[in-house]
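J.: Sequence:
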Amino acid sequence: MSDDNTPNYRIDVTAKSFYLEDQSRPDEDEYVFAYRITLTNTGNVTAQLISRHWIISDGNGDVQEVRGLGVVGEHPELAPGESFEYASGCSLPTPVGSMRGTYQMVAADGENFEAEIPEFGLAVPNVLH
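Under our numbering, the first residue of the sequence shown is numbered 71, with each subsequent residue one higher.
Hints are supplied without guarantee of correctness; some may be wrong.
[Unchecked claim] Per label pair, the in silico range of CB-to-CB distance:
#1 R137 to T116: 32 to 38 Å
#2 E100 to R80: 34 to 40 Å
#3 V197 to R80: 32 to 38 Å
#4 G151 to K86: 20 to 26 Å
#5 E186 to G129: 20 to 26 Å
#6 T172 to G143: 18 to 24 Å
Hint data in this document are derived by calculation from the structure and do not stem from the laboratory. For each residue, glycine too, the CB sits at the ideal point set by N, CA and C.
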């Protein structure tokens, strides 16, 4: 049993991806995807997103790592129970791939921690059986 005063650092991350057919050029091996991310502070300490680290894999097995500050130009601060949602995108040379990674967070008490971004698929509809 934990003490109510014990800091609990937890950000839950959910993702949903979408294929953008109108922006893709399959004849040129360019498949464009959008994704919507929701971060929810399920801990008991206010925390701010500082940076991100993405691991993007395509259908050829090639992996690209992307690091950067904030998300969509923002550094959202989430009090316990608050959520932040944003949309972004990426392009791949194959009709299938996946993304996963981490957000680097700093809590109001100065503690640094990571929020895991669970792996999610990127796929042109009806490509996978």
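J.: So, for every hint listed, does it hold in this structure?
T.: Here is how each hint holds up against the structure:
Against the hinted window of 32 to 38 Å, the Cβ-Cβ separation of R137 and T116 comes to about 24 Å, which falls outside the hint. Range check, E100 to R80: Cβ separation about 37 Å, and the 34 to 40 Å hint holds. Look at V197 against R80: about 35 Å separates their beta carbons, and that is inside 32 to 38 Å. Here the CB-CB span from G151 to K86 is close to 21 Å, well matched to the stated 20 to 26 Å.
At about 23 Å, the beta-carbon gap between E186 and G129 stays in the expected band of 20 to 26 Å. With their beta carbons about 19 Å apart, T172 and G143 fall inside the hinted range of 18 to 24 Å.
Checked against the numbered hints above, the structure breaks only hint 1 and satisfies the rest.
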